[in-house]
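Chemist: Please take these sequences and the hints and turn them into a complete structure.
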Amino acid sequence: MMSYSWTKLLLDRGTPLTSYDAALEGAASIGMFRLPEDKDAVQVASDFLSGVYEHILTTIAKQITEEALRVTPLEFWFTVPAIWSDEAKHSTLEAARRAGFGSRRGNIQDTICLIPEPEAAAIAALRRSVNDGLGLPVKVKYPRSG
Amino acid sequence: MAHDRHKIIVGVDYGTTFTGRLPSKMLKKSTKLVKVPVMLAREERPSTTSSLSSPGLDARDTPKPSSKHLLESRTPRIIMENTAGAIRLSRE
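Respectively, the protein sequence lines represent chains B and Y.
Residues in the first sequence are numbered from 4 upward in steps of one, following the working numbering.
Residues in the second sequence are numbered from 1442 upward in steps of one, following the working numbering.
Each hint should be verified, as a subset may be incorrect.
[To be verified] Okay, the calculated beta carbon distance ranges per label pair:
hint : chain 1 : residue 1 : chain 2 : residue 2 : range
1    : Y       : G1456     : B       : A128      : 14 to 22 Å
2    : Y       : G1456     : B       : T61       : 18 to 26 Å
3    : Y       : G1456     : B       : R147      : 28 to 36 Å
4    : Y       : G1456     : B       : S106      : 29 to 37 Å
[As the list claims (entries may be wrong)] One-sided and incomplete, this derived list gives chain B residues near chain Y with beta-carbon spacing under 7 Å:
hint : residue
5    : T75
6    : P76
7    : L77
8    : E78
9    : F79
10   : W80
11   : F81
12   : T82
13   : I86
14   : R147
No lab work stands behind these hints: they were computed from the structure.
Glycine included, every Cβ here is placed at the ideal spot set by N, Cα and C.
Modeler: Given below as structure tokens:
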């Protein structure tokens, strides 16, 4: 069975892989970042995300019951690399939509949003500080001048 | 749970490994589900953060909320938090 990995980065067709990290050039040379003959990057990502979506619904239903999940809107936030183009972001949204995100039937309207990865990381790191008021220390490092 | 007062926010940070099947299945041996919080939020006021519904998605309209905006507008509305939402995949 052939497997394909790191396909997500192929959603950004306009950016050479080496623009992310020089090490990726080596990864590409050993066979990563390839696609099946009959699928493009969006479809591969969509196939993968369909499994993620199924898992999310199952997990949430176990917590709040299927009845509650049926009437509760879901708001999905997908992280994307900060340097991604609009085209790559659109491809991500398309992959998510094909995977089933935002397609539940009924009177609820699920939404799909994007957020840059560093911004999501910052929010996650600061969330506890904001929520409970404990005031986790944040160290700011400035580049040396001169 | 009234649907007009609550919503569930799910963060999805993912990587892909395609097995070649239709549709591909997550490789349990090569991926590991990591627990991350699933936040259940109450809609106390109309959301000021733009978002995309599934029909007619258009990346040109992709919202670009600032961290400050999200922290101020979303965090106070969180009324319950669970930790069993495994939505992040990482390679072992």
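Chemist: Among all the numbered hints in the text so far, which are the ones the structure does not match?
Modeler: 4, 13 and 14
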